[in-house]
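The working numbering numbers the first residue of the sequence shown as 1 and each following residue consecutively.
Bear in mind the hints are in silico, worked out from the structure with no lab data behind them. Note that the Cβ used here is the ideal one computed from N, Cα and C, for glycine as well. Where hints are given, some of them may not hold.
Listed next, with one range per pair, are the computed distances between beta-carbon atoms [what the hints assert, rightly or not]:
1. 293 - 185: 50 to 56 Å
2. 131 - 204: 21 to 27 Å
3. 110 - 156: 36 to 42 Å
4. 239 - 140: 15 to 21 Å
5. 87 - 188: 46 to 52 Å
6. 285 - 87: 35 to 41 Å
7. 23 - 89: 22 to 28 Å
8. 149 - 32: 39 to 45 Å
9. 270 - 193: 51 to 57 Å
10. 197 - 295: 51 to 57 Å
11. 13 - 145: 33 to 39 Å
12. 30 - 120: 29 to 35 Å
13. 185 - 23: 44 to 50 Å
Calculated cross-link-like contacts (lysine-lysine; reagent style DSS-like; alpha-carbon spacing at most 27 Å) [said to hold, decoys possible]:
14. 171 - 126
15. 195 - 235
16. 295 - 276
17. 235 - 126
18. 159 - 200
19. 171 - 235
20. 159 - 235
21. 200 - 171
22. 200 - 235
23. 126 - 159
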Amino acid sequence: MPLEFNEDNQTISHYLYYGDNLSILQQYVADESVNLIYIDPPFNTGKHQQRTEIEVKPDVQGDRVGFQGKTYRTHKGKTTHYTDKFESSDAYLQFLRPRFEEAYRVLHPHGSFFLHIDCREVHYCKVMLDEIFGRASFMNEIIWAYDYGGRAKSRWSPKHDNILWYVKTPKHYTFNFEEMDRIPYMAPGLVGKEKAARGKTPTDVWWHTIVNTNGSEKTGYPTQKPLGVLNRIVKVHSSPNDILLDFFAGSGTFGEAAALHNRTSILIDNNIPAIKCIMDRLEAYGIELVNADYKVLSARAIE
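With the hints as constraints, model all of the structure from the sequences given.
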């Protein structure tokens, strides 16, 4: 039975679903009920990903030194794995197509859809999304650029992800320009002091570091995206009390961004470690696991 949302409802809630996102979308999410969708699906990298749970506790004999010289010891927990690999590019696109079609179905007429992908599949995904949404509904390709990790010696080092933005109705969509964060000028000496102090609005190239491996934001989830990137999308492309959806929820960053800015979120994932990560991360915001028993899933996670 689809969730029922009242546009005048001022209550912020967060709903988490465990299972196949396609069937859950078809069963639980009503037509044109979602104001903003962001998804970060598998990139079809062909790589094995892993997540190691890490707990840091105060310890005078610890192996890590933190703020004001306090020492901590790192305890590694269970490591879980998954494969980001499909039989072929065609199989990958066949997997995505019905999910893109569901995204179009559930998106509000004034809503936006964001696909976070990389250079391997972005061009094929854009052609498919042009078919589903219409080419006029394509608004931007955002480049998230970062400078982290090793350097290639036989080609230019790939240091960016691609984020495609589509709208349901090209002439009517949410874009809160005044909510946009400002960034420093690259050459502040070329502008006046007042402009330099105020900063400038971002372009379609977003420079933002990845999640710091030792930072408080780090969950240990292998494909976690930085909160700063998702905060920008949430603030500019939705309004308070809107309904937000991420059906490849992963570490739950989009859900946290929704919660921080007073939006309701619907999160879906079929990975038990992801469910546990999201429940832990959003517990303070009153997240509800709708279609499964969390105690049962938690027991399965440690088997």
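Verification of the supplied hints:
At about 53 Å, the CB distance of residue 293 to residue 185 agrees with the hint of 50 to 56 Å. Taken as a hint, the range 21 to 27 Å holds for the pair residue 131 and residue 204, whose Cβ atoms sit roughly 23 Å apart. For the pair residue 110 and residue 156, the supplied restraint of 36 to 42 Å holds, since their beta-carbon distance comes to about 39 Å. Restraint check, residue 239 to residue 140: a C-beta distance of roughly 19 Å satisfies the suggested window 15 to 21 Å.
Evaluation of the 46 to 52 Å hint for residue 87 and residue 188 yields a pass: the beta carbon distance comes to about 51 Å. Between residue 285 and residue 87 the Cβ separation comes to about 38 Å, which falls inside the hinted range of 35 to 41 Å. The given range of 22 to 28 Å is respected by residue 23 and residue 89, whose C-beta atoms sit roughly 24 Å from each other. Hint check: residue 149 to residue 32, Cβ distance near 41 Å, so the stated range 39 to 45 Å holds.
For the pair residue 270 and residue 193, the beta carbons lie near 53 Å from each other, so the given range of 51 to 57 Å is met. Range check, residue 197 to residue 295: Cβ separation about 53 Å, and the 51 to 57 Å hint holds. Between residue 13 and residue 145, the C-beta spacing of about 35 Å keeps the proposed range 33 to 39 Å intact. A hinted range of 29 to 35 Å holds for the C-beta pair residue 30 and residue 120, which are about 34 Å apart.
Residue 185 and residue 23 have their C-beta atoms about 49 Å apart, which keeps the hinted 44 to 50 Å range intact. Between residue 171 and residue 126 the alpha-carbon distance is near 20 Å, which keeps this suggested pair within the 27 Å criterion. Restraint check for residue 195 and residue 235: the C-alpha separation of about 23 Å stays at or below 27 Å, so the hint holds. Between residue 295 and residue 276 the CA atoms are separated by roughly 10 Å; this keeps the pair inside 27 Å, and the hint holds.
Pair hint residue 235 plus residue 126 holds up; C-alpha atoms about 24 Å apart against a cutoff of 27 Å. Only pairs whose Cα atoms come within 27 Å are accepted, and residue 159 paired with residue 200 is accepted, the gap being roughly 23 Å. With a C-alpha separation of about 20 Å, the suggested pair residue 171 and residue 235 falls inside the 27 Å cut-off, and the hint holds. Among the hinted pairs, residue 159 with residue 235 is consistent with the structure: their alpha-carbon atoms are about 25 Å apart, no more than 27 Å.
For the given pair, residue 200 sits about 26 Å from residue 171 by alpha-carbon distance, which is consistent with the 27 Å threshold. Restraint check for residue 200 and residue 235: satisfied, since their Cα atoms lie roughly 17 Å apart, inside the 27 Å limit. A hinted pair counts as satisfied when its Cα atoms are at most 27 Å apart, and residue 126 with residue 159 qualifies at roughly 20 Å.
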